[in-house]
Structures are given as structure tokens and as C-alpha cells.
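> Spelled out from the first residue to the last, the chains are:
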Amino acid sequence: MTSDLIEARAAAPAPTASSRRADGRPAKAEVTAKLLVFATFVVTAFTLIPIVMMVLVAFQSDADAMRATPYMIPPTWHPENFARVLTMVPLGQHLLNTVIFAGGTAILETVTAALAAYAFARIKFRGREALFGVYLATLMIPTQVTLIPQFIMIARLQWVDTWWGMILPYAFTALGVFLLRQFFLGIPMEYEEAARIDGASRWQIFTGIILPMAVPAVATLAVFKFIAQWNNLLWPLVVSNTNATRTVTVGLQVFQDTQGTQWNLLLAAATITTVPLIILFFLTQRWFVRGITMSGLGGR
Amino acid sequence: MSVTSPDTSRRSRWREREHPALAAWLFLLPSFAGFAIFTAVPVVAAAVISFLDWNLFSPPTCAGLSNFIELGSDPTFWAALVNTAVFTFTSVPLTILVSFVLALMVNQGFKRIAVVRSLLLLPYATITVAVAFVWIWLYIPTGGLINRVIGLFGLDGPAWLVSDVWAMPALVLMSVWKSFGFGMVIFLAGLQAIPQHLYDAAKVDGASGARQLWHVTVPMLSPSIFFVVVTSIIGSFQVFDQALIMTNGGPGTSTTTLVMYIYRTAFENYNQGYASAQSLVLFAFILVITAIQFLAQRRLVHYDQ
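Each protein sequence line maps, in turn, to chains P and D.
Quick note: the first sequence uses my numbering, first residue 11, plus one each step.
Quick note: the second sequence uses my numbering, first residue 21, plus one each step.
Just so you know, these hints were derived from the structure itself, not from any lab.
Quick caveat: nothing in here was measured; it's all calculated off a predicted structure.
C-beta: ideal position from N, C-alpha, C; glycine also.
You may find that some hints are simply not true.
[Claimed, not checked] Which bits of chain D does chain P cover? Going by a derived footprint, with three or more residues having C-beta under 8 Å, they are:
no., stretch
1, 65-79
2, 167-178
3, 181-191
[Said to hold, decoys possible] Between beta-carbon pairs, the in silico distance windows are:
no., chain 1, residue 1, chain 2, residue 2, range
4, D, D94, P, Q214, 29 to 35 Å
5, P, A55, D, L233, 45 to 51 Å
6, D, L172, P, E40, 42 to 48 Å
7, D, K223, P, S71, 24 to 30 Å
8, D, K223, P, V41, 17 to 23 Å
9, D, G270, P, A165, 56 to 62 Å
The whole structure should be built from the sequences, with the hints applied where relevant.
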């Protein structure tokens, strides 16, 4: 909804400019508006420099990348750097592992959070508010407090270097329950009451009515979680010991130790691990922005 | 024979009208079980472990309060605590300010807005570990991009990541760049939800642009600001990735963060008790600061109705 609104506004003339024109001060307002647009583009360009440099350095030859005063645009282009990196470090395997880790946590979290959020938003039961308060309070527990006991638990279960050990501890957070509950609260009760009069069970209402209406919010949560776990360094660093479960964040960290500052190869590896996430984000960000608005985070 | 067949009686028994609590608990069970096992039990366990002397390999022995006493005279712990606080209280206000200004700028009506917004969100969608490497490259003291730009103005840029004064500002700058996109999206959504008639009314009263910003936009946006402040502070207290990659805590202990120190104590020095004691202190700080924010929220955050 937000993105539609933004585009609708973009299509219309800038509101400040037109209203100021009525005040009889057209020139100043128009100049201000144009300057703002110009400034926005300049800031955006500056913001992108690190990402653009990451890709440009990745294409440079070994010698060019070692220069004391580095080139901005590679004098000669070396796309084979990407293939070289893939033979030096099993980045493909790490990427696949990351998809399993991030995807597994995102799916599990979304499913369990949706179920719990439904109970918190739509079913009246004794102790509901107190229990929800406890859930919210857990948001403040830093992962570092649970890190050591979780590791000990995983080690005792012989789950080190397994998907169980990687995924399960990170598959339950109160943030997901909170986000989805906010959204479910906004769905009118009438839909549900009508279905119950027709004899539908809670489960049928949840899967048949509430979930289909909540697709943007559920998708937002899944993307949020996927990006967060794709980024996670600490837990894979502790739990994954071999290439069987090692994720890209750990793979890159190992790369630094062994390769020193061979910038072109290091940044080729960084590019390979980052680009899939950027593409995913580009594809889903319209939903993402919409989901944030609808879950009530973006204001009242 | 019977009026209610076994089938219908079973179905009516499962109707939540009779058993709302049962239905609720069935929905809550997966999430609740996960919480109990992977959050509640570990938090209690962390409290217990903090009173132990344990290296994971030999049996634990009771250490009493010695882990907590040791914290008092551990200069690295205090440095880590101060560094984490400095990082949080510089990066969070800066991130909020940048997100807010950019959200205002992007919210101006102009064409190609969706493209600009997507591009501004790219840093948020990158991997911290990966872009940390680019930032090391940008920060190279001689010949790095940033110091070459500074050199264009006839100035000598600092040594950045290898300087104990400039390493922390360098980390803060990179972190602001990495995370402003999240706040920007939330502010943008909030800005879109402010009814236009409030601005029209302010204009009728003769309020300037700056006054409209202060008296309409900021109060109306305060719930979003509050949300971003709370989540950013909690996140900043846990800063780890960029510090590990870009400075590894150095030079000296100038960028050692609490989480890095906890990680090293637990998984490089295998002192689980001492690391748990540190993590509880971190937890206590987060609780105190979050409590202060919720108290401040009553005065500062404006909710409709």
C-alpha cells in the first residue's frame, strides 16, 4: 500500500510546490524542490560507492589490486576471478548451506509464529495477556546470554555441525509473533464469526481465511528472518565446524585468514555471497515495505 | 439409536466454544515449546553457569561470586563495556538522523522514487561480513578511497582502522551505512500514514516548514521513532561482525566489543562461567536502558486515541 501511495504522489505534482504557487512564491519553492531531488540522487550515489567498489575491485587483475594507490575502474577486466575464487573456497557449498540455514529458520519461525500469533490475536483464554507480556520481554534477551547454554545443549545432543543444531535454536523469536499478531488484530472479526456460524473449525479459519489475508505480513517476516540469518556470523561460527554446514559468513571469514589481502579475490568472494541476497531483496522489497506499513510498525 | 453419534459429539467437544483455552494452547504449543527449550532454559542455565568454573571438558566446580568479582578488576571487560556504550550512543543517534532525513527526502514527490528507495535500501540487504571487507579497503590509510578523497582537499586522512582514536569512528560510520535502510523504510511508512489535513491546518495557522516538521511530523512519527530507537539500541549492544572482521578488536582493545569479549572468553579461552557472567552484565545493561526508554516513551511518544 505504501509503495502504491508513494508512486501516486510521485505522479502528482509535488504538493509543497503547488501550494506555494498559490501563495505567489513559485520560484523559491520550485528551486527548493529541485534541489531536494538533486540532493537525494547525490546521497543515493554516495551510498552505493562501497557496493560498486566491491564489484569493481573484484574484476581487477592480481597486480592491479595490489597497487598502493588502487584503481577505481579496472584497467583490464578479469571475470575469471570469480571462477578462481570458487575453486579456492567451496563458496557454492557455503551458499547452498546458507540457503538451507536461512530458509530453514525463516520457514520454521514463520509457521510457529503465525500459529502463536493467531492464538494471541483471536482466541480469548485465561492468562493470554500475561503470556504475551512474557513473549515480548524475551525480545530484550541478547543472543549472547543464551549462546553458551545453547552451545552446551547442542554439544550434549551431538548436534554440532548438523542442521538440527544450526536451525532449531534460531527458529523461535518473539518478534515474529509480535509482528503477525499486530497484523491479525487488524483483520475484522466478522469474517471469522461468519465462518464459525457455518461450522468451520479454528484450524479451518486459520488456514482458509486468516493466513490468505496475511500473506504480505507473513512474507515480510520470512524475508526479514531470511536476511537476518543469511547475515548471522556468531552462531555458525560456534556450531559449524566443517564444510557440511559452514555458511558464507564463516566461509568469508576463513578466506580472510588464508588469503591475506588479495583484494580482487576477497571481494570477488564477497560479491558472490552478497549478490543473491540483493537480488532476493530487490524482488521482495515492494512486499516488504507494504508489510511494514500493514503490520502497524510504520506509525499508528 | 443415540441422539448424538460418536462423530458429532467428538466434533463438538473440539469446538473452541467449549474449550477456548485448549484451542489456544494447541496453536501456541510449537512456538511455546521452542521458546521454553531454546530461550527460557538457556537463560536460567546462563545464570547457573555464571557461578561455576567450567571449561566444558572437565567437570564444573562452584566458583561462588568469583566470576563477578573478577569482572571488577578486568580492564579488558571495562574497555569492552565502554567501547560498546560509545558505539551504541554514537551509531544509534546517527543512524536515526540519517534514516529520518533520507525518509523525508525520499518522501518528496518526484519520479523514479521507487528506484531511489530500492537503491538506498541496498546496504541493508548486504552481508555485514562481506561489506566489512570492502570498508577495510576503503579505509586503507595510504591510497584507500576515503583518504584519497580527503587528500583532494589538501588534507591528510587519519590511519582509520589502525589508529586507536579513529578505529571506533570508522566502525560507527560503516555501521550507520549498513543499517540506516531499515529505519528509513519504517519512517517512510510512518510518513505516508500522516493525514495531509494536519499539514493543511498547520499551513492555515501560518506554520513554516520547520515548524510543521517539529509540531506535526515528529510527534506523528514518534511511535515509529520509538520502535527504531529501541530495536537499534538492542542491536548495537550486540555488535560483533564488523568489529571482528574490520579491526578484530584492535588496535589494543580500542574496538573490542562486549560480544567479542564474551565469544573469546567462551570459545577461545574456554571459560564458560566467566563468559556467562559477562553476558548477564550485558543483559542487565540492556534491561536498564530499555526500561528507561519505556519510561521516556510515556512523555515523548504520541499515540492517536
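> Do the Cβ positions of G270 of chain D and A165 of chain P conform to the proposed distance bound of 56 to 62 Å?
For G270 of chain D and A165 of chain P the Cβ distance comes to about 30 Å; the hint is violated.
> Is it true that the C-beta distance of K223 of chain D to V41 of chain P lies inside 17 to 23 Å, as the hint says?
Since K223 of chain D and V41 of chain P have Cβ atoms about 19 Å apart, the given range 17 to 23 Å holds.
> Confirm or reject the coverage of the stretch 167-178 of chain D by chain P under the rule of 3 or more residues with a beta carbon closer than 8 Å to the chain's beta carbons.
With 1 residues in contact (Cβ-Cβ under 8 Å with chain P), the coverage given for the stretch 167-178 of chain D is violated.
> Kindly confirm whether 24 to 30 Å is satisfied by the beta carbon distance between K223 of chain D and S71 of chain P.
With a Cβ separation near 59 Å, K223 of chain D and S71 of chain P fall outside 24 to 30 Å, so the hint is violated.
> Is the listed coverage of the stretch 181-191 of chain D by chain P valid when you require three or more residues with a beta carbon under 8 Å from a beta carbon of that chain?
violated (count 0)
> Three or more residues of the stretch 65-79 of chain D near chain P by CB distance under 8 Å?
n = 4 at 8 Å, threshold three: holds.
> Given a hinted range of 45 to 51 Å, is it respected by the beta-carbon distance of A55 of chain P and L233 of chain D?
The hint (45 to 51 Å, Cβ to Cβ) is violated, given that A55 of chain P and L233 of chain D are roughly 25 Å apart.
> Determine whether the Cβ-Cβ distance between L172 of chain D and E40 of chain P falls within the hinted range of 42 to 48 Å.
Cβ of L172 of chain D to Cβ of E40 of chain P: about 33 Å, so the range 42 to 48 Å is violated.
> Given a hint of 29 to 35 Å, does the C-beta separation of D94 of chain D and Q214 of chain P actually sit inside it?
58 Å, violated
Going down the numbered hints, you'll see the structure goes against 2, 3, 4, 5, 6, 7, 9, while the others check out.
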